[in-house]
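Peer 1: One letter stands for each residue in the lines below.
2 protein chains.
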Amino acid sequence: MQIAWIGTGVMGSAMAGHLLTAGHELALFSRTKSKADGLLRRGARWAVSPRAAAADAEIVCVMAGYPEDVEAVVLGPEGALQAMHSGALLVDFTTSRPSLAVRIADAAASRGILALDAPVSGGDIGAREARLSIMAGGTKEAFEKAFPLLNRLGKTVMHQGGAGCGQHAKMVNQIMIAANMMGICEGLLYARRAGLDPQKVLASVGGGAAASWSLANLYPRILAGDYQPGFYVEHFIKDLQIALDEAARMGLKLPGLALARQLYEAVRSGGGARLGTQALILALERLNHLAP
Amino acid sequence: MQIAWIGTGVMGSAMAGHLLTAGHELALFSRTKSKADGLLRRGARWAVSPRAAAADAEIVCVMAGYPEDVEAVVLGPEGALQAMHSGALLVDFTTSRPSLAVRIADAAASRGILALDAPVSGGDIGAREARLSIMAGGTKEAFEKAFPLLNRLGKTVMHQGGAGCGQHAKMVNQIMIAANMMGICEGLLYARRAGLDPQKVLASVGGGAAASWSLANLYPRILAGDYQPGFYVEHFIKDLQIALDEAARMGLKLPGLALARQLYEAVRSGGGARLGTQALILALERLNHLAP
Numbered sequence: 001m002q003i004a005w006i007g008t009g010v011m012g013s014a015m016a017g018h019l020l021t022a023g024h025e026l027a028l029f030s031r032t033k034s035k036a037d038g039l040l041r042r043g044a045r046w047a048v049s050p051r052a053a054a055a056d057a058e059i060v061c062v063m064a065g066y067p068e069d070v071e072a073v074v075l076g077p078e079g080a081l082q083a084m085h086s087g088a089l090l091v092d093f094t095t096s097r098p099s100l101a102v103r104i105a106d107a108a109a110s111r112g113i114l115a116l117d118a119p120v121s122g123g124d125i126g127a128r129e130a131r132l133s134i135m136a137g138g139t140k141e142a143f144e145k146a147f148p149l150l151n152r153l154g155k156t157v158m159h160q161g162g163a164g165c166g167q168h169a170k171m172v173n174q175i176m177i178a179a180n181m182m183g184i185c186e187g188l189l190y191a192r193r194a195g196l197d198p199q200k201v202l203a204s205v206g207g208g209a210a211a212s213w214s215l216a217n218l219y220p221r222i223l224a225g226d227y228q229p230g231f232y233v234e235h236f237i238k239d240l241q242i243a244l245d246e247a248a249r250m251g252l253k254l255p256g257l258a259l260a261r262q263l264y265e266a267v268r269s270g271g272g273a274r275l276g277t278q279a280l281i282l283a284l285e286r287l288n289h290l291a292p
Numbered sequence: 001m002q003i004a005w006i007g008t009g010v011m012g013s014a015m016a017g018h019l020l021t022a023g024h025e026l027a028l029f030s031r032t033k034s035k036a037d038g039l040l041r042r043g044a045r046w047a048v049s050p051r052a053a054a055a056d057a058e059i060v061c062v063m064a065g066y067p068e069d070v071e072a073v074v075l076g077p078e079g080a081l082q083a084m085h086s087g088a089l090l091v092d093f094t095t096s097r098p099s100l101a102v103r104i105a106d107a108a109a110s111r112g113i114l115a116l117d118a119p120v121s122g123g124d125i126g127a128r129e130a131r132l133s134i135m136a137g138g139t140k141e142a143f144e145k146a147f148p149l150l151n152r153l154g155k156t157v158m159h160q161g162g163a164g165c166g167q168h169a170k171m172v173n174q175i176m177i178a179a180n181m182m183g184i185c186e187g188l189l190y191a192r193r194a195g196l197d198p199q200k201v202l203a204s205v206g207g208g209a210a211a212s213w214s215l216a217n218l219y220p221r222i223l224a225g226d227y228q229p230g231f232y233v234e235h236f237i238k239d240l241q242i243a244l245d246e247a248a249r250m251g252l253k254l255p256g257l258a259l260a261r262q263l264y265e266a267v268r269s270g271g272g273a274r275l276g277t278q279a280l281i282l283a284l285e286r287l288n289h290l291a292p
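Each protein sequence line maps, in turn, to chains A and B.
Start counting the first sequence at 1; every next residue gets the next number (our numbering).
Start counting the second sequence at 1; every next residue gets the next number (our numbering).
If you are wondering where the hints come from, they were derived from the structure by calculation, not from laboratory data.
Note that beta-carbon positions come from the ideal geometry of N, C-alpha and C, so glycine has one too.
Hints are not guaranteed to be accurate.
Simulated crosslink set (DMTMM-like; lysine to aspartate or glutamate; CA at most 20 Å straight-line) [as the list claims (entries may be wrong)]:
| id | chain 1 | residue 1 | chain 2 | residue 2 |
| --- | --- | --- | --- | --- |
| 1 | A | LYS238 | A | ASP124 |
| 2 | B | LYS140 | A | ASP197 |
| 3 | A | LYS253 | A | GLU265 |
| 4 | B | LYS200 | A | GLU141 |
| 5 | B | LYS145 | B | ASP69 |
| 6 | A | LYS253 | B | ASP226 |
| 7 | B | LYS35 | B | GLU25 |
| 8 | A | LYS145 | A | GLU265 |
| 9 | B | LYS140 | B | GLU58 |
| 10 | A | LYS253 | B | GLU265 |
| 11 | A | LYS200 | B | GLU144 |
| 12 | B | LYS238 | B | GLU265 |
| 13 | B | LYS155 | B | GLU129 |
| 14 | B | LYS200 | B | ASP226 |
| 15 | A | LYS145 | A | ASP69 |
| 16 | A | LYS200 | A | ASP226 |
| 17 | B | LYS253 | A | GLU265 |
| 18 | A | LYS35 | A | ASP69 |
| 19 | B | LYS238 | B | ASP124 |
| 20 | B | LYS140 | B | ASP124 |
| 21 | B | LYS145 | B | GLU58 |
| 22 | B | LYS253 | A | ASP69 |
| 23 | A | LYS200 | B | ASP226 |
| 24 | A | LYS155 | A | GLU129 |
| 25 | B | LYS238 | B | GLU58 |
| 26 | A | LYS155 | A | GLU144 |
| 27 | A | LYS238 | A | ASP197 |
| 28 | A | LYS140 | B | ASP197 |
| 29 | B | LYS200 | A | ASP197 |
Negatives, chain A to chain B, calculated, CB over 10 Å [stated by the list, open to error]:
| id | residue |
| --- | --- |
| 30 | SER110 |
| 31 | LYS145 |
| 32 | ARG152 |
| 33 | ALA210 |
| 34 | ILE237 |
| 35 | LEU257 |
| 36 | GLY270 |
| 37 | GLY271 |
Extracted from the complex, chain A is given alone in its bound form (with noise of 0.2 Å):
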C-alpha cells in the first residue's frame, strides 16, 4: 500500500520502519531531513512537503511534535489535506488537542477523506517493539480502515469514540503518569532525608499497592542519576497544558494535574526540557534545597 509518513523523529521513525518491513511503499517528509535517513536508505522514497507526500497515498500518517506542527502539516497551504484523495485515510499520532482533531476530521469530511486522532503510549521502547497502546479517535469507517496499519504498530489498539477521544483518552493516560511521577519523586526524597537505602525501598514498596509502571522504570533511572528522555519533559509539559486547558474549557478542576504542571515548570525552567520526565525530582530537590 502506498503509505506516506510526516514526522521522523524518535517515535516516527521506528513506527515508520515497520511498515517498511511490512512491505508497504512509504513517501517521507519531516522537518529534518537527516532524521529520515535511515528509513531513506530501507527504500523510502523523499517529499519534499507534507502536501507531496500525500499526493498518491492511501493512508497519511503523522508524527509531529506539538499541536502547531500538526496543524501545519495538515491544514496549512503545503499541508497533505491537500493533496490527499477522496477516499484516503489522515492518521494523526501525535498527541495534540482534541479540538484540533475534530478541526481536521471536519476538514478532511468535506473532502471525502476519512481523519482518526490516534495518540500512543509507551514511549520510545513501545514504538520499536511495536507494543504501543493506540487511543483512537473517529468515525467507527476511519478506525476500521486504519485497524490493519494500528494493529502492526501496537499492542492495545482502542477505539474510544469519534474525532478527538483518542487525545482525550491520552490525556488521561498523561494526567495518571504526572500524578504518579511526583508520588514517587516525593517518595524518593523522603527516604533518602529518612536515611533509607532506597534500592530497599524499591524492593519493599514495588511488590505491594504502590507498585506503577513508573515506579519499576523510572525510579530506578532517578538512582542511577540517569536523566536521559525516554520522553521529553518539554512534551510532557505540552501535553499537561493541553489536558489543563480542556479541563477548564469543560469546567473541570484538577488540583493534582495543575500542581504536577507548575512542578514540571520549574524542572523546565531550571534547564531540564530536553531531560527525561524523570526529572521531576530535580524540581522536588530545588524546592527543598538539596543538591541533585
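Given chain A, work out where chain B should sit, using these hints.
Peer 2: Frame of chain A, contents of chain B only:
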C-alpha cells in the same frame, strides 16, 4: 512457640490465623473481644490485657489502629513490655510514628527485650494470602529472630534499617499511593466529563506507562460504585499525617502529599472516614459540584 497477638482487626486476624496454622500457641488480646472469636474457636487463648497475653510469650505481635493504641498496649501500665522477659521479641505491625518505634525500641532495650517495627503493605488480601510486603526496622538481631515469623506472613520481607526505618519505608509507600490515587481519580473525572467510556480508557491506559496496582485494582471499584474499604480513609489520613509530620520534622516540603492529604480530609469531612481509599473520587466530585 508461645506467641502473643494483640489486635485482631481485619489484618491482625488474618495474620494471626497463619500462626495458628503453623502450629504456634497463641495468646490473644483485642479491644473488642468479639473480633477474636474466630481465632479463639481455632484454639487461641484469650488474655485479659496485653500484659497478660505477653507474660509467657517468646514473641509479642501488635497490629493496632493508631499510634496512641500502640503506645497503650506496649508502653502502658497494662502494656506488653511490663510482662515480657529478657530475650523476648516485640514486633509492631501497626503503621505508626517512626519516633514511637524508636521510643519502644529504647524502652525494650533497657529491659533486654528485642523490638522491631514492621508495618505491612498489601491490604486484607495480602494478609489473608500471606503475601504482604513487610518493612522492618530494628537491630539485626531483632530482625533475624523475627524473620521466620515474618516470612510466614509476607512475600517480601525487607530489613530497612534501625528502629523506625520500617515505619519510614511504609511512609514512602503511602506517599506514592496517595499521589497515584489522586491522578487516577482526576483521570477518571476527566474521562467521564469528556464523554469517554471509562472501561475502554482503562483498556488503553492500563497496559502502558500509566499502569499501576491502584489503577488495576481500585479504578474498577470506583466504576462499580464500590467504596467498600480495602483500606479505610481514616487510617490512610493517619498515615499521610504521620508522613507530613515526619517530613516537616526533616525540613522537607512535599506538595503532592500535602494536597492529597487535604483531599482525603475532604472525603472524611464528607462522611467517608470508613470508606476505602478509592473514595478519594468523592472529594474531587464535590470540588467540581458533580453528583457522585
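Peer 1: Just checking, SER110 of chain A versus chain B, shortest CB gap more than 10 Å?
Peer 2: holds (23 Å)
Peer 1: Taking only the CA atoms, is the gap from LYS35 of chain A to ASP69 of chain A under or equal to 20 Å?
Peer 2: Roughly 16 Å separates the two Cα atoms, so the pair holds.
Peer 1: Does ARG152 of chain A really sit off the interface, with its C-beta more than 10 Å from all C-beta atoms of chain B?
Peer 2: Fine: 17 Å to the nearest Cβ keeps ARG152 of chain A off the interface.
Peer 1: Within a Cα-Cα threshold of 20 Å, do LYS140 of chain B and GLU58 of chain B meet the stated pairing?
Peer 2: holds (17 Å)
Peer 1: Measure nothing beyond the straight line between the CA atoms of LYS145 of chain A and GLU265 of chain A; if it is 20 Å or shorter, mark the hint as holding.
Peer 2: violated (39 Å)
Peer 1: Within a Cα-Cα threshold of 20 Å, do LYS200 of chain B and ASP197 of chain A meet the stated pairing?
Peer 2: It is violated: about 39 Å lies between the C-alpha atoms, which goes past 20 Å.
Peer 1: Does GLY271 of chain A really sit off the interface, with its C-beta more than 10 Å from all C-beta atoms of chain B?
Peer 2: holds (21 Å)
Peer 1: Is LYS155 of chain A close enough to GLU129 of chain A, meaning Cα to Cα at most 20 Å?
Peer 2: holds (9 Å)
Peer 1: Beyond 10 Å from chain B, beta-carbon-wise, is LEU257 of chain A?
Peer 2: violated (6 Å)
Peer 1: Assess, step by step, whether the Cα of LYS238 of chain A is no farther than 20 Å from the Cα of ASP197 of chain A, and give holds or violated.
Peer 2: violated (34 Å)
Peer 1: For the pair supplied as a hint, LYS238 of chain B and ASP124 of chain B, confirm whether the alpha-carbon distance does not exceed 20 Å.
Peer 2: Holds - the C-alpha atoms of ASP124 of chain B and LYS238 of chain B are around 18 Å apart, at most 20 Å.
Peer 1: Quick one, are LYS253 of chain B and ASP69 of chain A close enough, alpha carbons at most 20 Å?
Peer 2: Given that 20 Å is the threshold and the Cα spacing comes to 38 Å, the pair is violated.
Taken one by one, the earlier hints fail for this structure at numbers 5, 6, 8, 15, 20, 22, 23, 25, 27, 29, 33 and 35, listed in ascending order.
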